[in-house]
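Participant: From just these sequences and the hints, can you work out the full model?
As a plain string of letters, each chain reads:
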Amino acid sequence: MTKTFPVYLLGIGAIGPGFADWPALRAILREEQAWSRAATQVPALQVLPAAERRRIGIVVKLALAVGLEAAQHADRDPALLASIFSASNAEGENCHALCDALAGSDRFISPTRFHNSVHNASSGYWSIATACVAPSTSLCAYDASFAAGLLEAAMQVANNSEDCLLVVHDSVYPHPLGSVRPMLDNMGIALVLSARPAAHALAKLNIALSESTASPAPLASLAPLQSGTPGGRALPLLHAVARGLQTTLDLEYLAPLSLHIGVEPC
Amino acid sequence: MSLSSSLGLGLHATLGALRESRSGLSARPFETVELATWIGHVDGVDDVILPAHLRHFNCRNNRLAWLALQQDGLMEAFSAARARHGAGRIGVFLGTSTSGILETEQAFRRRDEAGNLSPDFNYRETHNTYSIADFVRHVFDLAGPALVVSTACSSSAKVFGNAQRMIAAGLIDAAIVGGVDSLCLTTLYGFHSLQLLSTEPCKPYDATRNGLSIGEAAAFILLERGDVHAAENDDVLLLGVGESADAHHMSAPHPEGLGARIAMRTALQCAGLQAGDIDYINLHGTATPSNDAAEAQAVAAEFGMRTPCSSTKGATGHTLGAAGGAEAIISALCLRHGLIPGGLNITQRDPALHVNYQLGNVATPLRHVLSNSFGFGGTNCSLVFGRRGEH
Chain A
1 MTKTFPVYLL
11 GIGAIGPGFA
21 DWPALRAILR
31 EEQAWSRAAT
41 QVPALQVLPA
51 AERRRIGIVV
61 KLALAVGLEA
71 AQHADRDPAL
81 LASIFSASNA
91 EGENCHALCD
101 ALAGSDRFIS
111 PTRFHNSVHN
121 ASSGYWSIAT
131 ACVAPSTSLC
141 AYDASFAAGL
151 LEAAMQVANN
161 SEDCLLVVHD
171 SVYPHPLGSV
181 RPMLDNMGIA
191 LVLSARPAAH
201 ALAKLNIALS
211 ESTASPAPLA
221 SLAPLQSGTP
231 GGRALPLLHA
241 VARGLQTTLD
251 LEYLAPLSLH
261 IGVEPC
Chain B
1001 MSLSSSLGLG
1011 LHATLGALRE
1021 SRSGLSARPF
1031 ETVELATWIG
1041 HVDGVDDVIL
1051 PAHLRHFNCR
1061 NNRLAWLALQ
1071 QDGLMEAFSA
1081 ARARHGAGRI
1091 GVFLGTSTSG
1101 ILETEQAFRR
1111 RDEAGNLSPD
1121 FNYRETHNTY
1131 SIADFVRHVF
1141 DLAGPALVVS
1151 TACSSSAKVF
1161 GNAQRMIAAG
1171 LIDAAIVGGV
1181 DSLCLTTLYG
1191 FHSLQLLSTE
1201 PCKPYDATRN
1211 GLSIGEAAAF
1221 ILLERGDVHA
1231 AENDDVLLLG
1241 VGESADAHHM
1251 SAPHPEGLGA
1261 RIAMRTALQC
1271 AGLQAGDIDY
1281 INLHGTATPS
1291 NDAAEAQAVA
1301 AEFGMRTPCS
1311 STKGATGHTL
1321 GAAGGAEAII
1331 SALCLRHGLI
1341 PGGLNITQRD
1351 PALHVNYQLG
1361 NVATPLRHVL
1371 SNSFGFGGTN
1381 CSLVFGRRGE
1391 H
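For the protein sequence lines, the chains are A and B, in the order given. Each residue of the first sequence is one higher than the one before, starting from 1 at the first, in the working numbering. Each residue of the second sequence is one higher than the one before, starting from 1001 at the first, in the working numbering.
You may find that some hints are simply not true.
Claimed, not checked - Pair ranges (Cβ atoms, derived):
1. A:P182 - B:E1034: 33 to 41 Å
2. A:G178 - B:T1347: 44 to 52 Å
3. B:S1290 - A:A34: 47 to 55 Å
4. A:Q72 - B:N1361: 49 to 57 Å
5. A:S227 - B:T1347: 52 to 60 Å
6. B:E1256 - A:A199: 35 to 43 Å
Calculated from the structure, these hints are not laboratory results. Here the structure is a predicted model, which is why all the values come from computation and not from measurement. In this text, a Cβ means the ideal position worked out from N, Cα and C, and glycines have one as well.
Facilitator: In C-alpha cells, the structure reads:
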C-alpha cells in the first residue's frame, strides 16, 4: 500500500449542466432533486473591471465563479489561497477562433484572443480578480485532469501546509474540434483543501494511489455527466461528501492508476 | 539531462554554442508563415519517424521530443531509472504552451465543405495539452503519476516544483521533468499581433531591444531523490523553487517586477541561501521592452548590481513552454563547466537596467545559479541549482 495523504475539504463550488451551484448539485447527489441535462448557465461576474470582464471566455468565467463559491463556502480569503487550475481543453471557443483565423488568408488574430488562449488564462485572471500573489499553476491530464489536480493539491498541502484552491474546469469545443473531442457541456468544480481541520470542514480525505477500478457513477442517471466531462470524474467523491458518508472510493486517474480516497465526514 | 534547441542536438552542441557565443537564430522560413522575424528552428524534426507503436502521437512537438530523447543517452538513462525504481515510482512532469497545435492549424486548412476535419486527424495524442507527458509515459512504459503544466513561459520551470513536492512526499523516487515547445502559427502570429515579435534577432537587455524571437526546444532532466542515487561529482542539485503570481495583467508584467521578486526570494529561502550566494542569474530576458525592464528592477531590488547575469534567449530564442527546462539545463552546464555565458546580440546595454549584465563569456567556478522564468498571466518561477560538492 502506498502512502496516504490526509487533506481537509473546507468548501465546494460547482457549475455545470443542470446545476448552478454546489447546493444544487448536492441536492441532485442526495436525490432530493432529479438531474436534468439543462445547458450550463454561467452567472454574471461581480469581479474584475468591466473592460476585462468583456474580454474573458467561458472557462475563465467558470473558474472565477466556482472558485469564489468554494472560497466563500470555506470561509477563506481567496487572496491567501494557493491555487491549481486543471483542464483538458480549457477555452474551446477561443482555440477554435484562432485556428479558424490562422486557416484564413490574412491570418489576422486578435491580440486579446491570443493572450487569452494560454492554458493558464483562468489562473491569470483569478490572481488579478482576487489580488492574489500566491503560487498558482495550470495543469492538464486529459480526462484525468480532476485526479491529477487533486493529487497535486494534496502534495501542496502536505509540503507547504497552506490552504489550496483546486479548480477543475473545461469548456466544449465548437465544431469541428467538438466532434473529435466531444464533451457534455461546460463545467467547473472547485474545492478548498487544507492541512488542518476546521470547525466547518466538510470531510477529511485520505488520498492515496491505487490500481483499483474507478468507482462508477454514484447514481445511474449521472453516468453521462461523469463520463462526459473531466470535472464529472469527481462525482463519486462529491456524492460521498453530499451525503456525509464514511466510505472509500476510487477516482479515474492515469491507467493503471486510480486515486483511492477514504472519506470521513467531519 | 539533455537539451535540443536551435543551438543543436544534445549537451555537447549546446555547450559548444555557448562557449563560442553562437546564436541559433535565423531568418529562415517556417511552414507557410509570412512574417519578418527570426526563429530558433531545430533542424531534422520533420525527418523523425516515430516507432510504429507511438505513431498516433505524430506531431511536430512529439517528433522534437523523440529527437531530443535520442541524445546524450537519455533513452538508456531513463530506461535504467525505470529498472532501478520501478515503472510506478517515476513521475512525468513536463511543460508546454502549445503542444501539437500545429497539427490542428494545418487540419483546419484542410477542412471539407461541411467544416469537418480529415478522418485521420488525431486530437488527443497531438493537440491536447497533456500529449507530451502521455507520449513520454508511453515511450518508457511508465505507470506513475504524470501531468503537463501549461502556464505559458514558466511551464517547464514550474514542473520542478511538482516533482520536488511528490519526491519529498515519498510518492515517487524519481521524475522526468522538462518541457517541449515547437514552432507553430499560433505563437508566431500571436506574438506578432501583440507587437512583441522582433524583426531582428532578439536583443535581451539592449537599449534598443524591440521584441522577442521565438524558438523551439525539448529539455529533459531526470530528477532523483538524493539518497537513492549513487552520488557523482558532476551531479547538479535542485536546491530551491519559488513560485508566485503577479496579480497584475494577462500579457504585461508587473511594472516593478513584484511577482518576480517574490519568486526569487522564495527560491532563495527554499534553498537556504542568501542573495550573495548566487554566482550567476540566468535571466528570463525575453528582449521585450517591458519584460526586461520589470525583471531588471526585481533583480536589482533582490541582488543589487553585483551578481553577474545574462539572458541566453539571444542564443536559443524564446522557447516558451520549454524555456524553463532549457534554461535549467543551461544553468546546470554553467555550474558544471564554470561558465558565465555573455548575452548575445547586445550592442548597447540599456542604461536604465541597473543589473550586472554580462556582455562576454567569463570562465569562473560557480557555486549556485538562479534561473528565472515568467509567463503570460503573471506567472513566475525561479529555480536555484548547485553542485553536489558544495552541499
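Participant: Between the beta carbons of P182 (chain A) and E1034 (chain B), is the distance compatible with 33 to 41 Å?
Facilitator: holds, 35 Å
Participant: Does the Cβ pair S1290 (chain B), A34 (chain A) satisfy 47 to 55 Å?
Facilitator: At roughly 53 Å between Cβ atoms, A34 (chain A) and S1290 (chain B) fall inside 47 to 55 Å, so the hint holds.
Participant: Determine whether the Cβ-Cβ distance between G178 (chain A) and T1347 (chain B) falls within the hinted range of 44 to 52 Å.
Facilitator: Given about 50 Å between the Cβ atoms, the range holds.
Participant: Hint says 35 to 43 Å; check whether the CB-CB distance for E1256 (chain B) and A199 (chain A) agrees.
Facilitator: At roughly 40 Å between Cβ atoms, A199 (chain A) and E1256 (chain B) fall inside 35 to 43 Å, so the hint holds.
Participant: Assuming the hint says 52 to 60 Å, is it satisfied by the Cβ distance from S227 (chain A) to T1347 (chain B) or not?
Facilitator: holds, 59 Å
Participant: Could you tell me whether the CB distance from Q72 (chain A) to N1361 (chain B) stays inside 49 to 57 Å?
Facilitator: Since the Cβ atoms of Q72 (chain A) and N1361 (chain B) sit about 55 Å apart, the hinted range of 49 to 57 Å holds.
Taken one by one, the earlier hints all hold for this structure without exception.
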